[in-house]
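S.K.: Spelled out, the chains give:
Protein chains: 2
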Amino acid sequence: MSARRLVVTGVHGLPEIRPGDDLATLIANAVRAEGEQLRDGDVLAVAQKIVSKSEGRIVPLADVVPGPRALEMARDSGKDARQLEVVLSESAKVVRWSHGVLISQTRHGFVCANAGVDRSNAGAPDTVILLPVDPDASATRLREAIRAKTGATVSVIVTDTFGRAWREGHMNVAIGIAGLPALKRYVGQFDPEGYELRVTEIAVADEVAAAAELVMGKLDRCPVAIVRGLALTETAETARDYVRPAEKDLFR
Amino acid sequence: MSARRLVVTGVHGLPEIRPGDDLATLIANAVRAEGEQLRDGDVLAVAQKIVSKSEGRIVPLADVVPGPRALEMARDSGKDARQLEVVLSESAKVVRWSHGVLISQTRHGFVCANAGVDRSNAGAPDTVILLPVDPDASATRLREAIRAKTGATVSVIVTDTFGRAWREGHMNVAIGIAGLPALKRYVGQFDPEGYELRVTEIAVADEVAAAAELVMGKLDRCPVAIVRGLALTETAETARDYVRPAEKDLFR
Numbered sequence: 385m386s387a388r389r390l391v392v393t394g395v396h397g398l399p400e401i402r403p404g405d406d407l408a409t410l411i412a413n414a415v416r417a418e419g420e421q422l423r424d425g426d427v428l429a430v431a432q433k434i435v436s437k438s439e440g441r442i443v444p445l446a447d448v449v450p451g452p453r454a455l456e457m458a459r460d461s462g463k464d465a466r467q468l469e470v471v472l473s474e475s476a477k478v479v480r481w482s483h484g485v486l487i488s489q490t491r492h493g494f495v496c497a498n499a500g501v502d503r504s505n506a507g508a509p510d511t512v513i514l515l516p517v518d519p520d521a522s523a524t525r526l527r528e529a530i531r532a533k534t535g536a537t538v539s540v541i542v543t544d545t546f547g548r549a550w551r552e553g554h555m556n557v558a559i560g561i562a563g564l565p566a567l568k569r570y571v572g573q574f575d576p577e578g579y580e581l582r583v584t585e586i587a588v589a590d591e592v593a594a595a596a597e598l599v600m601g602k603l604d605r606c607p608v609a610i611v612r613g614l615a616l617t618e619t620a621e622t623a624r625d626y627v628r629p630a631e632k633d634l635f636r
Numbered sequence: 385m386s387a388r389r390l391v392v393t394g395v396h397g398l399p400e401i402r403p404g405d406d407l408a409t410l411i412a413n414a415v416r417a418e419g420e421q422l423r424d425g426d427v428l429a430v431a432q433k434i435v436s437k438s439e440g441r442i443v444p445l446a447d448v449v450p451g452p453r454a455l456e457m458a459r460d461s462g463k464d465a466r467q468l469e470v471v472l473s474e475s476a477k478v479v480r481w482s483h484g485v486l487i488s489q490t491r492h493g494f495v496c497a498n499a500g501v502d503r504s505n506a507g508a509p510d511t512v513i514l515l516p517v518d519p520d521a522s523a524t525r526l527r528e529a530i531r532a533k534t535g536a537t538v539s540v541i542v543t544d545t546f547g548r549a550w551r552e553g554h555m556n557v558a559i560g561i562a563g564l565p566a567l568k569r570y571v572g573q574f575d576p577e578g579y580e581l582r583v584t585e586i587a588v589a590d591e592v593a594a595a596a597e598l599v600m601g602k603l604d605r606c607p608v609a610i611v612r613g614l615a616l617t618e619t620a621e622t623a624r625d626y627v628r629p630a631e632k633d634l635f636r
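Protein sequence lines, in the order shown, are assigned to chains A and B. In this text, residue positions in the first sequence follow our numbering: the first is 385, and each later residue adds one. In this text, residue positions in the second sequence follow our numbering: the first is 385, and each later residue adds one.
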């Protein structure tokens, strides 16, 4: 049974996050300031950028010395060689470099533009933010800290906006998961005519991330959303469950 | 400004849809039976399958004579040659045929498995359902019929679950749109440090479709959801705005 009603609430009012900040306390305070209270079963969607900042995943470009490959790519594209150097150092593999667009596979296994390295909303000029080293671990730590702080057993997803291969527009997805499934599985389930369902795995945490983005936005200083009403079973799945094994991937 | 709070409500209790059924009346009745009322600004997410059924986009496989290509693909894969014939006839282009997976571009321009042709939940054995001929037009007709029936000016999206190039799991997306934007554009908008935002287009109707799926599910006979609380400007965009021009596509 799916949820009958879902409520997605944006959490505003967080300060600019600095390395070492106690994100759980800041989020719990912001939730309270919204007149809300976290409950067991809520999913807390948290934008990657504030998680990365709290973990110090910040690189001032002045500290970066670009290597020969980054310099060559910068010459070909007009892009910043230092930023390209950071992207390359965060990439396990460059999937495409074309039209000035760099699609790479991160060390986590995610395929996305610029290995998730981003200069916007960095909180300081000439600075880039990297993805967390282990976003699933970040989600788990945040979940436990929220439980210690508030008593509520929530699930946590760390979200980022990724492009898609064939569709225009970016979409929010889950890059770290704690407490909820990555995939809702219908394998071996049958429709009323006895035919096995075609779509057998729904990317449920990605859909929660997408729902959360609708209240988060990009310029509203609303990097957290509460998603309430999902009836999801607790699992030990992680966002790595989204990584398609190379041998099954037709488009890499 | 994004929505501060979003409420997503599943609409249950629709009957099995037959060709020629008046979907607007059936949906309006089901909404009322849920104790709900449609309001101006609501987004109604409607599963492609019931739209297709109401439009008679149903093919009994007994009526299909497979051609040589479908027969060859059936030999190679063990799949049903008649169903492959229908998929090929719905495909403008086969993008990949490998591991028994057929990814094609539909005549609408969407890239998805099996050109959206589906045998599950077809309502009859040995029958496949095709995508609507023009899902944007379907959405527009439904929107106008809902307005005539209820007085409420809602937006409508027709949804289907598509796979993704590099991530496991399917996700609900918008294949037809009426009254809400496909893309939320941040082009030329700047963060507090004056840096132009990296992610400049968010696939907002796809995110609404994803949020809707969380209450719709696959086996719950809940093919409709109401998404309330979005502050989206009315546009004339269609789901064709998601189709990436071939010259910009790095993965086709």
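Don't take each hint at face value.
In this list, chains with the same sequence are indistinguishable; a pair is considered to hold if it fits within one copy or across any two.
To be verified - Only pairs whose alpha carbons sit at most 30 Å apart, straight line, appear in this in silico DSS-like list of lysine-lysine:
(1) K477 - K632
(2) K632 - K533
(3) K463 - K533
(4) K632 - K463
(5) K533 - K477
No wet-lab data here; the hints were simulated from the structure.
S.K.: If a hint holds in the structure, say so; if it doesn't, say that too.
M.R.: A quick look at each hint next to the structure:
1. K477 - K632: Result: close both inside a copy and across copies, 17 Å intra and 21 Å inter.
2. K632 - K533: neither (42 Å within a copy, 48 Å between copies)
3. K463 - K533: neither (44 Å within a copy, 54 Å between copies)
4. K632 - K463: between (33 Å within a copy, 19 Å between copies)
5. K533 - K477: neither (39 Å within a copy, 55 Å between copies)
Figure legend: structure checked against the earlier numbered hints; hints not met, in rising order: 2, 3 and 5.
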